[in-house]
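Chains Z and H are the protein sequences, given in the same order. Numbering-wise (the numbering used here), the first sequence opens with residue 1 and increments by one. Numbering-wise (the numbering used here), the second sequence opens with residue 1001 and increments by one.
FYI, nobody ran anything at the bench for these hints, they're computed from the structure. Only a predicted model underlies this, so the values are computations on that prediction, with no experimental measurement involved. Just to be clear, a hint being listed does not mean it is correct.
[Said to hold, decoys possible] Residues of chain H clear of chain Z, computed beta-carbon distances all greater than 12 Å:
{"#": "1", "residue": "Gly-1213"}
{"#": "2", "residue": "Val-1327"}
{"#": "3", "residue": "Arg-1365"}
[Claimed, not checked] Where chain Z lies over chain H, by a calculated footprint (3+ residues, C-beta under 8 Å):
{"#": "4", "stretch": "1200-1209"}
{"#": "5", "stretch": "1329-1341"}
Cβ atoms here follow ideal geometry from the backbone N, Cα and C, with glycine treated the same way.
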Amino acid sequence: MRRALLLLLVLVLSACAGVLGIKPRERQRAFAHRAHSLKGVACLECHEGIASAKDEGPLHLPGKAKCLECHKKPHDDGECSGCHGVAHTREEDRLAREHLKFAHAQHVPKVGGQCVPCHTAAGETVQTSMRPTMAQCFTCHEHKDQWTTRTCDGCHVDLPKELARPSSHVVHEGDFVREHGVRAASSRDLCATCHGEPFCLSCHGVSVAALPWRLELGQPKLSGLHRAGFRQRHAEESRASPGLCTSCHRDERFCADCHAQRRVGVAPGSRNPHPAGWVRSRGGEHGRAARMDPGSCATCHGGSGEALCVGCHRVGGPGGNPHGHGFSSALDRDRDQPCRQCHAP
Amino acid sequence: MRTKAHVGINVSIALALALGAQELRAEPLRLRGDALVQTRSPSPVGLVLLHGQDKLRPWIDADAVAWMGVTDRPDATGDVLSLSVRARHAATGSELRVGRMLVSTGAVRPVHLDGVRGQVRVLGGTTAEAFAGAPVVRRFGYRDFEWAAGGRLGQTLGDHTAFGASYLHRRLDGARSDEEVGADVAFTPLPWLTGAGRWAYDVLGKGTTDALGSLSVHNADARLEAFVTHRSPGRLLPSTSLFSVLGDYAATTVGSTARYRAFPRLELIATGSAQTQGSAVGGQGLGRVALALDDTWDGSVGVEVRRVHFDTARWSGVRVTGVVPVVTRVKLSTELELVRPDDGGDRGDLWPWALVAASYAVSDRWFAAAGVEASAGPDYRREVHGIARLSYAYDRSGR
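Build the full structure now, drawing on both the sequences and the hints.
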């Protein structure tokens, strides 16, 4: 039975291999830099002119003609780099040329004409990438100050456009809405290397033009708190995450204005949204509800509407003390708002 | 309230920056304009984003974000979300920003501010930030005697740990409406281990306002995160509100999120959490599967299932998404959602929502998208709306 299941799994995976992105072993293989080096071929023999290359210009990658100078009898008529070399390493070179300010002419003399101190992968049998990592740059250039001050434009042409992700970049995965705040608290400047003020303000601005996702209507794979039918389920979302709405929508009128426009709940003439028995002589459900989600109460009863609560809960009033067990406050009860509403003589 | 003249001046400044920036020889210069038209309010809406930097004077740059549109009322309106100028000392990263901005620093809550923010860095990894100004009020509103001030003192240890302490003081009508102190930390001790935490304490309400902690392990294909949050909904309200002194029930949530790239084109995400608030105990869970239609993930289909079960908020939902590139510059997309509340009452048993859209990248600068949104929900029987967006992006960053 187990064998049959295993066989079935293999068959399903084989059938779905293309759909799942599983690919046969690539025909391409990494170029054998190490083997050429051991044969005594200097880097500059193939990468002609690289030692004096400046910030712009060609990539100095050898073509077929250069290979044929030594390999007189090729086993194939095709372009050598089609098999001897991996496409993504050439793409990395192209991207480096586009996004980095780097001149070999300045660097080669300083490392004694050697290439391997930076391109360490050239000496390895298995090469995944020939592009030096940033840590490799830091072995000579400490750049400690630039790193500390996030001054990246000395090397990076345009970091946001480059779409480079720091190695510790975790906030864009999982639940971005919950996670980004905790990371940004201590690393705001790290966020700011890619995201400017407009990005933060698209959600945290007091008055935004429209929900951010509506501008991204063609990208449903983007997640977000207000995505899809949020307007329909926002009451449930609010009750399921107490206080979350208030952490951004601080203005007490935020909900009330929208509800009034749509004649929901707080509109003049609308019916009382509370169930029967909401307020009883000995409390009722409203006290518990107010402790669970005081922001919702404030939406309708905030501002001048607080008088409704004060009428019963003022000192000596029939509603009694509304403060919860162990309540404590640094406010002056006779002088500060809102204490004086109930406590002032 | 501000007069219409103030409104005009603000909008004029934003437009002048947008239109005249090229003449100011600001370079690199980024300009982006979005126009959103929909058959429901607010519409139409235009959004202009501008970032300008002078190549000859890299120590100064400017940001502006403004929107204009029509609301339910017949008059046009708008707002300036950001309009600030930043002077920067490149060698140390110290900076001074003046204008309208979002101040988000440390564990204390973010403030949208008309004011000034300064940051001084000392090359031992110490950072001191301070800000002060008048909190922004919606739609050019203005409140007397409202101001906020605060700051953060932070320290980094190498590139693996950062921590700091922050403070916020805010007044409304001259009375203290918020006073918070906060502490934050983020660390990456190992390439596969990341942690972060923040804690904000309400000085006036004498209790924790908001605390979050997160610890995750990850590699290229998988990530597992454990998190805890503790939030006091009453303390998040301004302390001048009567509802902030009721003595609320704080909500505590513990949960975990896992992401796994099972195959190059198949990604799985699962999140589960348990929550308590007062006598209420519950939780929620989410599972998402995304399958790419190509190696670059330009096209994809996804299914998401969610269940919420906490106090009176109990519902189940499923969401299906799809993006299909038709030709190089044209994509079709759809998003379908079906929510079923456990007890819909008189609000219906099913709340469906759907969007079908097409997007067209006309050129490197122009982008257009249009769609139809249909739904049925608690406050209406059914709605069908059209929505369209036209965007223009100008980027002259140069080398």
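To see whether the hints hold, each was checked on the structure:
1. Non-interface call for Gly-1213(H) relative to chain Z: violated, since the shortest CB-CB distance, roughly 7 Å, does not exceed 12 Å.
2. Under the 12 Å C-beta cut-off, the non-interface status given to Val-1327(H) relative to chain Z holds; the minimum distance is some 15 Å.
3. A cut-off of 12 Å between C-beta atoms confirms that Arg-1365(H) is not in contact with chain Z; the least separation is 14 Å.
4. With a threshold of 8 Å between beta carbons, the proposed coverage of the stretch 1200-1209 of chain H by chain Z holds, since 5 of its residues qualify and at least three are required.
5. Taking a C-beta to C-beta cut-off of 8 Å, the stretch 1329-1341 of chain H contributes 7 residues in contact with chain Z, enough for the three needed, and the coverage statement holds.
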